[in-house]
Amino acid sequence: MTVNLSKGQGISLQKAGGGSLTAVRMGLGWKSAPRRGLFRSRTKEIDLDASASMFADGQHIDDVWFNHLVSHDGSVRHTGDNLVGGAGTGGDDETILVDLDRVPVHVDQIVFAVNSFSGQTFSEIASAHCRLVDDNTGEELARYTLDGGGPYTAQIMAKVHRVGGGWQMTAIGTPSNGRTIHDLYPVIATIL
Amino acid sequence: MTAELVRGQNHPLTESRVEIRVSAGDPVVVAAAFGGADGRVADAGQVARPGSPRLPGVEAPAGVAPVQRLSVDLDALPDAVHRVHVLLALPPGGRGPARFGATAAPFLALSGAGGADVASFTVTELDSETALVALELYRRQGAWRVRAVGQGYAGGLAELFRDLGVDRAAELAAGVEAEAAGSAAVLSAPQPSARHAGSGGRHGGTAVDWPAEPATPEAASPAAASQPVPASETPSPAGPVDYRHPRRRATEPPQPAPATPEARPGTPPEPVAGDAAGWTMEERLYNQVWGMFEDLARSTAAYRSAVGFAESRLEKELDRVLSDPATRVGPAADAAREEARAKHGGLVEQARAVLDRDLAQLTAEAEVVEHALPPALARWDSPVWHAYQAPLETPMALRLGDLHLPERRGLRIPMLVRLPLQRGLWVDCGRATGSGTDMADPAELRRLAMDCAVAHAARMLAVHPVGEFGVHVLDPAGSGAAALAPLVENGVLARPPAAGAQGVSAVLTELTRRVDLVQMAVRSGAADALPPDLDTAEQLLIVNDFPHGFDDRAVTQLRYLADEGPAVGVHLMMVADREDSRGFGPVLDPLWRSLLRITPVPDDHLADPWVRHAWTYEPSLAPAGSDVVRQVLWQVGQARRAYGL
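Residue numbers (this note's numbering), protein chains in the order written: chain A, 1 to 192; chain B, 193 to 837.
By construction, these hints were calculated from the structure, which means they are not laboratory data. Heads up, the beta-carbon is just placed ideally off N, CA and C, and yes, glycines get one too. Any given hint could be a false lead.
Unchecked claim - Selected chain B positions facing chain A (in silico; Cβ < 7 Å):
hint	residue
1	Q542
2	R571
3	V803
What the hints assert, rightly or not - Pairwise CB distance ranges, derived in the manner of DEER restraints:
hint	chain 1	residue 1	chain 2	residue 2	range
4	B	A528	A	D134	38 to 46 Å
5	B	E507	A	T145	54 to 62 Å
6	B	S671	A	T22	58 to 66 Å
7	B	D516	A	K44	50 to 58 Å
8	A	T22	B	A534	41 to 49 Å
9	A	G150	B	R512	37 to 45 Å
10	A	G91	B	R261	58 to 66 Å
11	A	T43	B	G777	49 to 57 Å
12	A	V84	B	K508	41 to 49 Å
13	A	D183	B	S716	48 to 56 Å
14	A	V84	B	A528	35 to 43 Å
15	B	Q694	A	H68	49 to 57 Å
16	B	S716	A	T43	53 to 61 Å
As the list claims (entries may be wrong) - Covered stretches of chain B (in silico footprint by chain A; criterion: 3 or more residues with CB under 8 Å from a CB of chain A, positions within the stretch not fixed):
hint	region
17	349–358
18	711–722
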């Protein structure tokens, strides 16, 4: 069951049984660039990057991205950078795992974003998606289709934030431009 | 469900009447000793043994047999009893084996009143031991628990009783042994039924289809099944010949990990030693220690981040109240300040609760893991050093000391480095730079640093197979003679400590030649072309009093050894104060940077690789008054002499 979220739509990460979500996974997948000519090394590879940024009451705490794969507290983990993409058949090429039980008590928002490090805009990239998955059951919570997303190189995808004792996810889908998550801070500040 | 315990693991006991079934390949003595709150056994009257098998609440078997039963009524035990040690020993002088390594691994099963097994423990990896503390029942917060101990003693019951603190231990041991020898003579005739129920089968010459026997230790414990079974060293004369090398470890399959007991919902699982990925128990323990190190670093990072945030928010909110002249004073301002402080306090309290929860779990895990560590990774006060034997394989890692953070000083993580060492060591005897140290006396610091270096060298010598690790010492002024005495007296050094400038130059020239030749041989793939007098074992060079006795040529050679040595097995251990060599200027800076700096006193100069907290390092030293380092070195010396080194 996939929820294709529209912009600004929020879903609660409380399960039907009353138990709260304990682990979510952000997946990012895209189709690698077609091979060009005789020399593989000349292919204009597409490098998308998934990142997560942690905030406490609007104040920036920590980032998880390809140069810092694990947040200092260990609750958010990036499984590694993919520089070229995959088959484009819906599988994830980069993954960020969030252990919600271990997120420090003061962190109340985690923002997920996608950047095009190699500079191609989303309109040039085929079969790109990003999604949030309940890591315990494998159930997809939300999915975005990025390709055909217009002349942008970045997108702030969603945020997971504390509501009461549990967590809630809000889809954001704000397009932007930037090479890494650091270029997106001004935009992220507007959606916190 | 039966819990299969590994060394150090404990398990709750819910019933008050417990029966312990002991099965061994050969007749054994089973005894129980009562320990007080401090764990000591007061006197012989506290030991239930053959000859006087009954004590209040405990009935030990009266004789010796391969399969025995010991019953314990926990409610009937005197209040002063806090521990019941369950002891096994081989009767001396009988027809049975002379050591536990020559018989099947003893297997102990605890059952409750219903007869169902609660927990079981196979005591593996025994060798020359003739007596052992197999289990320990102990009180914890009013409830009884059992812990798998498996601590063996090569010196027999006398050594065991001495370790338990019994007065006149030798006399008691002799009495028990005499009693056991008497009954062994009666019972040593083959007992087919007892063997069948137990674990023997290989010594009587009767073919027993032991894989189908659920009661055999091999079948009952998957951990034992893939380990080298010590009993295979003495193949049965009538059975098929065992072609396996008695000492070789099987590559396939890896030892299965210890079973993690099922967690009750809502509580964290009970920690188990070796609860990490790896092919061998050693690798699993190593990975587990590193996992605990990372978890502690990250939990503390979360806590520090939360507290830092709470403080910055408090400051900001107080500033806001102050900055508005209209509300700066008056009850509204007081209320706002009060609210800001309450928010700060609430958040810090919440973060502290999370940290305490994590620390409690890590502390419980550390306690279990500490008991299970092999000598190379264990503290000097660990009982494994009392049962020390020269190893046959180089361990994967070595413990240099303990690390802790100010948040919880009691929670110590072993600091492990991989072997062979990747970089040399520098025991810094200069004035400590970190906080928490104020040892003013430089001479005292130098003496401590040398003791530290000797303890590290002794550990390295002890955990390497005999002849595969050589130690050289440069002590130009002879100032380290007192600290080096244990190494010199036990004859474990490759040569006497080199004195004077000539001695320094001779040792450095020889080691430089060794590094150069081995490098050449490695590069050209001609290991067989090395001269026969060249010692290819790993070498450690302890340098005291640097740069005393060093000329420019010697310093250059030392730098060469520091740069090129580790790759071909020559390691440096400098005991030095950087200030002393200030005269050489910055040319020695790369040397100091290439060495791993450790200190003889606790000092917070080491950073972890994840968050870069400053960790307080404490060297691994024998407890004051303990002779364990000297004893281990004596054994190393004996082994070296036996090998003709």
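Each hint tested on the structure:
A hinted interface residue such as B:Q542 counts as satisfied when its beta carbon comes closer than 7 Å to some beta carbon of chain A; here the least separation is about 4 Å, so the hint holds. About 27 Å separates the beta-carbon of B:R571 from the nearest beta-carbon of chain A, more than 7 Å, and the hint is not met. Annotation: B:V803 was flagged as interfacial toward chain A, and the flag holds, the nearest CB pair being 5 Å apart, inside 7 Å. At about 41 Å, the CB distance of B:A528 to A:D134 agrees with the hint of 38 to 46 Å.
Between B:E507 and A:T145 the CB atoms are about 45 Å apart, so this pair departs from the stated range of 54 to 62 Å. For B:S671 paired with A:T22, a C-beta distance near 60 Å keeps the hint of 58 to 66 Å intact. For the hinted restraint 50 to 58 Å between B:D516 and A:K44, the CB-CB distance of approximately 56 Å keeps it satisfied. Judged by the Cβ atoms, the range 41 to 49 Å given for A:T22 and B:A534 is violated: they are separated by roughly 29 Å.
Our hint of 37 to 45 Å for A:G150 and B:R512 holds, since their Cβ atoms are close to 41 Å apart. A:G91 and B:R261 have their C-beta atoms about 59 Å apart, which keeps the hinted 58 to 66 Å range intact. Checking the proposed 49 to 57 Å range against A:T43 and B:G777 shows it holds: the Cβ atoms sit about 53 Å from each other. Checked against the hint of 41 to 49 Å, the pair A:V84 and B:K508 passes, with Cβ atoms roughly 45 Å apart.
Separated by about 53 Å at the C-beta atoms, A:D183 and B:S716 satisfy the suggested range of 48 to 56 Å. A beta carbon spacing of about 55 Å between A:V84 and B:A528 contradicts the range 35 to 43 Å that was offered as a hint. For B:Q694 and A:H68, the hinted distance range of 49 to 57 Å is satisfied, since their beta carbons lie about 54 Å from each other. Here the CB-CB span from B:S716 to A:T43 is close to 42 Å, at odds with the stated 53 to 61 Å.
Given as covered by chain A, the region 349–358 of chain B fails the check, having 0 residues with a CB less than 8 Å from a CB of that chain where 3 are the minimum. Using a Cβ-Cβ cut-off of 8 Å, 0 residues of the region 711–722 of chain B lie near chain A, which falls short of the minimum of three, so the contact claim is violated.
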